[in-house]
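Trainee: Whenever a hint applies, use it, and build me the whole structure from the sequences.
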Amino acid sequence: MPKKRVSVGKGKKKRKEKQWYKVLASPDFDEKQIGEALAYDPNKLIGKKVNTSLQNITGNLKQTHIKLTFRIKEVVGSEAKTQFVGHSLASDYVRRLTRKGRKKIDSSFEVETKNGIKIRVKPFVITFKRIQTSKQKAIRRLVQEEIREFSKEREFDELVKAVVSSELATHCYGVCKKVATIRRIEMWKSQVLPAVKS
Numbered sequence: 317m318p319k320k321r322v323s324v325g326k327g328k329k330k331r332k333e334k335q336w337y338k339v340l341a342s343p344d345f346d347e348k349q350i351g352e353a354l355a356y357d358p359n360k361l362i363g364k365k366v367n368t369s370l371q372n373i374t375g376n377l378k379q380t381h382i383k384l385t386f387r388i389k390e391v392v393g394s395e396a397k398t399q400f401v402g403h404s405l406a407s408d409y410v411r412r413l414t415r416k417g418r419k420k421i422d423s424s425f426e427v428e429t430k431n432g433i434k435i436r437v438k439p440f441v442i443t444f445k446r447i448q449t450s451k452q453k454a455i456r457r458l459v460q461e462e463i464r465e466f467s468k469e470r471e472f473d474e475l476v477k478a479v480v481s482s483e484l485a486t487h488c489y490g491v492c493k494k495v496a497t498i499r500r501i502e503m504w505k506s507q508v509l510p511a512v513k514s
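Counting from 317, one number per residue, gives the positions in the sequence shown under the working numbering.
Please keep in mind that the hints were generated in silico from the structure rather than gathered at the bench. Heads up, some of the hints might be wrong.
Calculated lysine to aspartate or glutamate pairs in the EDC-like style (CA-CA distance at most 20 Å, straight line) [unchecked claim]: (1) 494 - 428; (2) 360 - 390; (3) 332 - 357; (4) 397 - 428; (5) 434 - 471; (6) 389 - 352; (7) 438 - 390; (8) 430 - 461; (9) 383 - 461; (10) 397 - 357.
Mentor: Take a look at the structure:
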């Protein structure tokens, strides 16, 4: 007996099913899978931001408070590839550091990498006790000078790793402790700035 055939009338289109796409971290983070995305059209995923923690990539539980943000830049097959666009520290982690009696010295400024990529960084310094305004200014100036110098000597991927790890903060700590008794230096936030079109 012949198989029954079902005809589809004109004007009726078969509904396209949604597909799952693996979201990968940028090459700076070894393209580890950081999530999945469901979409009818993979092109609709491009430009979307994906948040995760550094701990999800490294497996290090001590890095849970470090939040990373990636943006999907292209979809190849079933993989959504991303680029790093910034990071931040969890607010409860920052609150624990800034207890009563301590001084938090904030900064916010732009740096440029060796390969010409600009990033806005927001470090902060925690002292054990309140200090003179002149020392606060000296610490803020030193932090900016050190981070700018550090950045221009490194490629983008090298700087990103130094920012989200303790490398850059440790580097600054060694300089600032000569000015005052420093408890901690943290890279609170970073944001990759869009390239200026000529």
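Trainee: Going straight from one Cα to the other, do residue 397 and residue 357 come out at no more than 20 Å?
Mentor: 15 Å, holds
Trainee: Between residue 494 and residue 428, is the straight-line Cα distance small enough, at 20 Å or below?
Mentor: 26 Å, violated
Trainee: Assess, step by step, whether the Cα of residue 397 is no farther than 20 Å from the Cα of residue 428, and give holds or violated.
Mentor: 24 Å, violated
Trainee: Within a Cα-Cα threshold of 20 Å, do residue 360 and residue 390 meet the stated pairing?
Mentor: 10 Å, holds
Trainee: Given the hinted pair residue 438 and residue 390, is their alpha-carbon gap at most 20 Å?
Mentor: Roughly 29 Å separates the two Cα atoms, so the pair is violated.
Trainee: Run the distance test for residue 430 versus residue 461: straight-line Cα separation, threshold 20 Å.
Mentor: 16 Å, holds
Trainee: Straight-line Cα separation of residue 383 and residue 461 no greater than 20 Å?
Mentor: The given pair, whose Cα atoms are some 26 Å apart, is violated under the 20 Å limit.
Trainee: Does residue 434 pair with residue 471 here, judged by a C-alpha cut-off of 20 Å?
Mentor: Satisfied, since the Cα-Cα distance of roughly 11 Å is no more than 20 Å.
Trainee: For the pair supplied as a hint, residue 389 and residue 352, confirm whether the alpha-carbon distance does not exceed 20 Å.
Mentor: 15 Å, holds
Trainee: CA of residue 332 to CA of residue 357, is that 20 Å or under?
Mentor: Satisfied, since the Cα-Cα distance of roughly 9 Å is no more than 20 Å.
In terms of the numbered hints stated before, the structure departs from hints 1, 4, 7, 9, listed from lowest to highest.
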